[in-house]
Amino acid sequence: MSRLKRLYEWFEMRLQLEGPVKDAALHPVPTKAASWWYVFGSAAATLLMLQIVTGILLALIYVPSGAEAWKSLDELNNHLYLGWFLRAMHGWGSNFMVAVVLIHMCQVFTFGAYKFPRELTWILGVFMLLMTLGMAFTGQVLRFDQDAYWGLGIGASIMSRVPLIGGPLVNLLLGGPIIAGATLSRFFALHVFVIPGTLLLFTALHIWMVIKLGINEWPMPGRIVRRDTYVQEYHELTKKDGIPFVPDALWKDLFFSAAVLAAVAVCAFVFGPYGPSGQPDPTIIQTVPKPDFFFLWLYAVLAYLPPSLETPFILIVPVLGICALVALPLVAGEGEKSWHRRPVAILLLVTVAVSLGVFTHLGTFTPWSPIMDAWSSDPVPPKMIHDVSPLERQGAVVFQAKQCRNCHSIGGTGGLRGPALDDVATRLTEDQLIRQVLQGGGNMPAYGKNLSPPETTALVRFLETMRPPGHPPAVDATQQEQKASAQP
Amino acid sequence: MSEEKPVTRRWLLMGIGVAFNAIVGVAIAVPVIGYLLSPIKKKGTYYKWISLGKLDQFPEGQTRLADFVNPFERPQDGETANTPCWVRRVSADKFQVFAINCAHLGCPVRWFPQSELFMCPCHGGVYYADGARASGPPERGLFTYDYKVANGELHINAGQMPTLADQAKLVTITGKGKSPCLG
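As they're listed, the protein sequences go chains A and B. The opening residue of the first sequence carries number 18 in this note's numbering; numbering runs sequentially from there. The opening residue of the second sequence carries number 9 in this note's numbering; numbering runs sequentially from there.
Quick caveat, the hints were computed from the structure, so don't treat them as lab data. Don't be surprised by glycine CBs; every beta carbon is placed ideally from N, CA and C. Be aware that one or more of the hints could be misleading.
Over 10 Å on every C-beta distance to chain A, these chain B residues come out as not near it, computed from the model [to be verified]:
id, residue
1, Trp19
2, Met22
3, Ser99
4, Leu113
5, Tyr155
6, Val157
7, His163
Here are the simulated EDC-like cross-link-like pairs (lysine to aspartate or glutamate), alpha carbons at most 16 Å apart as the crow flies [as the list claims (entries may be wrong)]:
id, chain 1, residue 1, chain 2, residue 2
8, B, Lys56, B, Asp174
9, A, Lys49, A, Asp270
10, A, Lys88, B, Glu87
11, A, Lys39, A, Glu29
12, A, Lys466, B, Glu124
13, B, Lys50, B, Asp174
Computed from the model, here is a short list of chain B residues facing chain A with C-beta under 7 Å [said to hold, decoys possible]:
id, residue
14, Thr88
15, His131
16, Glu147
Let the sequences and hints guide you as you build the complete structure.
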């Protein structure tokens, strides 16, 4: 017996792990389930390990103090060997983890894997998704910069909308009256102890159930899940047409996990670490705070909700959504697994995915926000003030100086909050323009107090020049009628 | 698994042991809930009068950015203890002190003296010079701080981040308000 073998047996005699490990490794999986579609769960687990390792390495340097966190990130980025790379790995690892967890969830949903007897595996998975998002948000806070600061402000403002206990909840979230050192400390505790501890426990249970209950078989149209026969049918399937998990299925997991790790490393190397952006000094108000990629859709939704719907929406919809996800396997625990026979489920999935995609896309360029420096940085295109009267030219000056440009684009630049004004003269008559400028309305502020009559006249004259060549100016139908009826 | 579990002396002792642990656990844990909830204070506790400086930094008819150090500052707060606010001096002794936080979701609003509007960079909330809502998603006007003038300085009652849950007062729109050009 070689020394190595003797050493192994010394440990095995004391640990007694060989039996359970062999059981787990060699348990049969349905041949068709050893598929490339089944690699996302293990990749998510690999990313979790990566986050733990890189997180510990960052914690060696990071200082969870409101006064020093930003400086310690700066030190990691600029003064320590590979500090920037570890921050980048942790940041990109987080992006990949959210993405892979979401893909894993879509796959499991599409394949009907949440049905009997894997309901609890799905329910734990829902909470693991929430914890992953929780890690992403708390992680963004630990990157204690301007975005983190104002992101917390948004969090606190959402909390404050809870009826009755909103005020106490804000103080609980912030650890005091304002966003400050105490806030960072409690988010550090959440990000480093509370959420990852729970997430690891849930991950262990999740994987335990996958091994004990067996991996979901490849769904076949017409193969119906029934509570009283499913377990027996599954065992027959794996007996008749099964292969051992190791190595027949595991090699794909290993390949994919390695590829994902490599992709994280490449992204980290090429794109570098996230921020930190400006220091978390609230007196620097020249800032345009924005959440990280995975919360952009929420940022967009909050911009589009009408004020009256906003509070009920933010407080009720997430609760309903989570309840629906948790209830899904309990309500639809039996029946068809195949996507060929579940059109509603697939349509639902596509609708949710497209909605999230659209809102995220909108979140990347925030058309609802005024562009704060458009009035001073985007000049009026010269061709628009060519061949115009001095009064109209003065109107262009008023247009810029009164920050109209922050919300209205001309010549393709400027804000997108209000309509582009390149053809406004084809839509509004002089009277309508004056009314709109002075009284506002339709989500535009009233400028009556801020414009002198000469300024208003000049501005409206300028706006009346805004029509593409060959397009007639807008006419007021009632005026024409009056004119016609006045004529004998 | 036994068919029926007789209450033996040892089962009874174990039961008492569990109960004993539960009592000790609760006795220790309940006060700790108070520790966890300690940031929650009675309304008004997080407010103190603080000075924004001499009156002459705020010219009449103008709106200026001012900042103050939060009265409940702790050493680890660093620069986050600084808080900005907008001071509008309406007349010699009449002021409006607005919180920097948008009434929608708390982002920092910016004052544009040319168009006399506050604009928020996050979701496009816009307010008039008197703090009244002009457009966008906010459901009310800007939050204001109570102020008083003492010893030639402007003092405000501040300390808590203003949110919808806080007792920050609603800006009352008097006179012409939203539609200034209408008779």
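Are any of the numbered hints broken by this structure? If so, which, sorted upward?
4
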